[in-house]
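J.: In case you want the letters, here they are:
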Amino acid sequence: MRALVVEDDPTIADFVARGLREAGFAVDHAGDGDAALECTREQTYDVAIVDVMLPKRDGLAVIDEMRRRGSATPVLILSARRSVDDRVKGLQAGGDDYLTKPFAFAELLARVQALLRRATRTPEPTTLTVEDLALDLLSRRVTRDGTPIDLRPREFSLLEYLMRNAGRVVSKTMILSHVWEYSFDPQTNIVDVLVSRLREKIDRPFERKLLQTVRGVGYVLGGHER
Amino acid sequence: MRPFGLRLALWYATIFVVASTVIVFLTYWLTSASLAQRDQQIIQQKIGEYAAAYQRGGIGRLADIVRAEQSTAPERLFVRVVDRGAEAIVLSQPEGWEPSALETASLRLWDGTLVQVGKSTEARQDLLSRFRAALGLVTLSVVIAALAGGFIVTRVALEPVQRLTEAVGRIIRTGRTDERVPLSAETDPLDAIDELTRLFNQMLDKIEGLVTAMRGALDNVSHDLRTPLTRLRGTAEMALAAPPDVDRCRDALADCVEESDRVLVMLNTLMDISEAESGALQLHRGAVRLGEIAARAVELYRDVADAKGLVLSANTSSDLVVMADATRLEQVAANLIDNAVKYTAAGGRVDVEVVGDEGRAVLRVRDTGIGVRADELPHIWNRLFRGDTSRTERGLGLGLSLVKAIVEAHGGTVEVKSEPNRGSVFTVALGAV
Chain Y
2 MRALVVEDDP
12 TIADFVARGL
22 REAGFAVDHA
32 GDGDAALECT
42 REQTYDVAIV
52 DVMLPKRDGL
62 AVIDEMRRRG
72 SATPVLILSA
82 RRSVDDRVKG
92 LQAGGDDYLT
102 KPFAFAELLA
112 RVQALLRRAT
122 RTPEPTTLTV
132 EDLALDLLSR
142 RVTRDGTPID
152 LRPREFSLLE
162 YLMRNAGRVV
172 SKTMILSHVW
182 EYSFDPQTNI
192 VDVLVSRLRE
202 KIDRPFERKL
212 LQTVRGVGYV
222 LGGHER
Chain B
177 MRPFGLRLAL
187 WYATIFVVAS
197 TVIVFLTYWL
207 TSASLAQRDQ
217 QIIQQKIGEY
227 AAAYQRGGIG
237 RLADIVRAEQ
247 STAPERLFVR
257 VVDRGAEAIV
267 LSQPEGWEPS
277 ALETASLRLW
287 DGTLVQVGKS
297 TEARQDLLSR
307 FRAALGLVTL
317 SVVIAALAGG
327 FIVTRVALEP
337 VQRLTEAVGR
347 IIRTGRTDER
357 VPLSAETDPL
367 DAIDELTRLF
377 NQMLDKIEGL
387 VTAMRGALDN
397 VSHDLRTPLT
407 RLRGTAEMAL
417 AAPPDVDRCR
427 DALADCVEES
437 DRVLVMLNTL
447 MDISEAESGA
457 LQLHRGAVRL
467 GEIAARAVEL
477 YRDVADAKGL
487 VLSANTSSDL
497 VVMADATRLE
507 QVAANLIDNA
517 VKYTAAGGRV
527 DVEVVGDEGR
537 AVLRVRDTGI
547 GVRADELPHI
557 WNRLFRGDTS
567 RTERGLGLGL
577 SLVKAIVEAH
587 GGTVEVKSEP
597 NRGSVFTVAL
607 GAV
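So the sequences go chain by chain: Y and B. Those letters in the first sequence? Residues 2 to 227, per the numbering used here, in order. Those letters in the second sequence? Residues 177 to 609, per the numbering used here, in order.
These are calculated hints, taken from the structure and not from any lab test. Among the hints, a few may not be true.
[Stated by the list, open to error] Straight-line C-alpha distance at most 35 Å; calculated DSBU-like pairs for lysine-lysine: (1) Y/Lys173 / B/Lys382; (2) Y/Lys102 / Y/Lys90; (3) Y/Lys102 / B/Lys593; (4) B/Lys484 / Y/Lys202; (5) B/Lys484 / B/Lys593; (6) B/Lys593 / Y/Lys210; (7) Y/Lys57 / Y/Lys90; (8) B/Lys484 / B/Lys518; (9) Y/Lys210 / B/Lys484; (10) Y/Lys210 / Y/Lys90; (11) Y/Lys90 / Y/Lys202; (12) Y/Lys102 / Y/Lys57; (13) Y/Lys210 / B/Lys518; (14) B/Lys382 / Y/Lys90; (15) Y/Lys102 / Y/Lys210; (16) Y/Lys173 / Y/Lys202; (17) B/Lys518 / Y/Lys202; (18) Y/Lys173 / B/Lys484; (19) B/Lys518 / B/Lys593; (20) B/Lys593 / Y/Lys173; (21) B/Lys484 / Y/Lys57.
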């Protein structure tokens, strides 16, 4: 998988590129709009991450030009502007998703993966498995090591989300917007409460703990080496 | 005067001059024509008299009359009688006559004799030339008056516009928004320019209000961010200064991430409050069922309330519809419930209800929590205010300010009643559709 990161701030570009490489991407970086177009002329990318405010040619113009040349590369827009209008403008320019700065890298990665899934039209699995934990999306049954686990709807939806992102850190904000479809940050520890209830059911009776807390960042289910 | 004023003045003068010139020409032409007509009448009358005399007494009588008239008449005429042999039989010709300056007429009598009478046009021409001179003078003074009047009228009419232009220019140059356009002493409510000036000043008032509010908001935001940023910096600095230890550093880094998340939430909330208070918040309004919004917010806190051992009850089946920004309203409901859940101990209750009240949709959140002291009650809406009893709970102290700002941006009201250790009731009222 090859990704293009278009971002003029060297620190942000560096941590995004490093994170993507760790997740198994080959990453090219462009520091301005013209360089970005130069890259897309020479290479075909599976995904592009484009900042809006760029020197020489802004991000929306870059996306517009890419689309004009017939590129179908999915684009994740990065922007410091958070109003609904800016979001709409970005998507109208040909972007596929929009992420507001500052962001958690975990969220950026999850969105990139989602764009790739959408672009490659990976057939939807009907069963998700992480080690000995299995979740059947059709019958909505969850088992661990063959033992059925009874989950309430929100716990189920949280587990499904964590399993789809198995091995990747998922932030509280991401959980909040997926499980409750709330886009702002309530100040109470709503997510913590739900996570600890889920943990109670899928981890407590078993010796190996699958659901880990990554302090300051979020939660990860299975296979996270750290 | 600007080119526009000059053009206006010239147009005014041109139209005035053209109209006056037309009148002058018409007058001259009518006068000249009527003078010529009168001369013709006199000549015709004379010819008639002579023809009658000729008929009665022949050529002799005619000659007598002509001769008599030559000496008595105030104005001597040119008279010529020619017989059939083309020989002049009577000729009376005043001295020094110019044949070209004659108004003439002739009549052939029954026996072929021709009577010709001519009248000098000299007097007439003289009169007309004096008339022309007079008209010329009049025209000249009209032109001068028109130009002068044009300039004066334009200047008077455009003066308020000029003042407006100067004021706008000053504001653009200096960036001072407290500048106003002076209104003339006696203002006429029907005067379009006065009206424009008044509206312009009102617009400046509004802009100044907005700019002041924005500046204030910016000051507050930058002030409010200093504390968490100090904490953030302090944490990182302490970790760097301490002897190297991976676990301690990881702890510090996690603290930094959490602290910066808090800064971000705080910044977003402060911006929302400031924008809502200054009227700059964009509301994407639509028809929204208040009951649905409240029910969703209750669901969000259901687990938290269970975990805390509270009863969270909802009476939100109401069909009341309000025109509101659904996301913002969800924020209002969530913040009120958040507050109630946070400050109510295990075993307590939080009741959320949506009811109609005199054409208004009312969202009420009632708790059996710690309540607010009467002396603190008026301050709970202030940004970053945290009552003495609430300090132990984590929070930013922005939730209620945001609630108030959003509700008021929607044209609604928010009220609180509270009794320490008994509980509080928050009531949000919005205009129902």
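J.: Confirm or reject each hint.
T.: Hint-by-hint comparison with the structure:
Among the hinted pairs, Y/Lys173 with B/Lys382 is inconsistent with the structure: their alpha-carbon atoms are about 41 Å apart, more than 35 Å. Pair hint Y/Lys102 plus Y/Lys90 holds up; C-alpha atoms about 16 Å apart against a cutoff of 35 Å. Straight-line distance between C-alpha atoms of Y/Lys102 and B/Lys593 comes to about 39 Å, which puts the hinted pair past the 35 Å bound. Taken as a hint, the B/Lys484 and Y/Lys202 pair is honoured in the structure, with Cα atoms around 19 Å apart against an allowance of 35 Å.
At most 35 Å may separate the alpha-carbon atoms for a hinted pair to count; B/Lys484 and B/Lys593 meet this at roughly 24 Å. Simply put, B/Lys593 and Y/Lys210 have alpha-carbon atoms about 47 Å apart, too far for the 35 Å limit, and the pair is violated. Of the supplied pair hints, the one linking Y/Lys57 and Y/Lys90 holds, its CA atoms being roughly 20 Å apart against a limit of 35 Å. Distance hint between B/Lys484 and B/Lys518 is fulfilled; the C-alpha atoms sit about 9 Å from each other, no more than 35 Å.
Between Y/Lys210 and B/Lys484, the direct Cα distance comes to roughly 25 Å. Compliance with the 35 Å bound is thereby established for this hinted pair. For the given pair, Y/Lys210 sits about 44 Å from Y/Lys90 by alpha-carbon distance, which is inconsistent with the 35 Å threshold. With a C-alpha separation of about 43 Å, the suggested pair Y/Lys90 and Y/Lys202 falls outside the 35 Å cut-off, and the hint is violated. Between Y/Lys102 and Y/Lys57, the direct Cα distance comes to roughly 21 Å. Compliance with the 35 Å bound is thereby established for this hinted pair.
With a C-alpha separation of about 30 Å, the suggested pairing of Y/Lys210 with B/Lys518 holds against the 35 Å cut-off. Our distance criterion of 35 Å between C-alpha atoms is met by B/Lys382 and Y/Lys90, whose separation comes to about 29 Å. For a cut-off of 35 Å, the pair hint linking Y/Lys102 to Y/Lys210 stands: about 33 Å separates their Cα positions. Taking the CA atoms of Y/Lys173 and Y/Lys202, the gap is near 20 Å; set against the 35 Å cutoff, the hint holds.
Straight-line distance between C-alpha atoms of B/Lys518 and Y/Lys202 comes to about 26 Å, which keeps the hinted pair within the 35 Å bound. Restraint check for Y/Lys173 and B/Lys484: the C-alpha separation of about 20 Å stays at or below 35 Å, so the hint holds. The suggested pairing of B/Lys518 with B/Lys593 holds, with an alpha-carbon distance near 17 Å, which does not exceed 35 Å. Among the hinted pairs, B/Lys593 with Y/Lys173 is consistent with the structure: their alpha-carbon atoms are about 34 Å apart, no more than 35 Å.
For a cut-off of 35 Å, the pair hint linking B/Lys484 to Y/Lys57 is broken: about 55 Å separates their Cα positions.
When the structure is compared with the earlier hints, violations turn up for hints 1, 3, 6, 10, 11, 21 and for no others.
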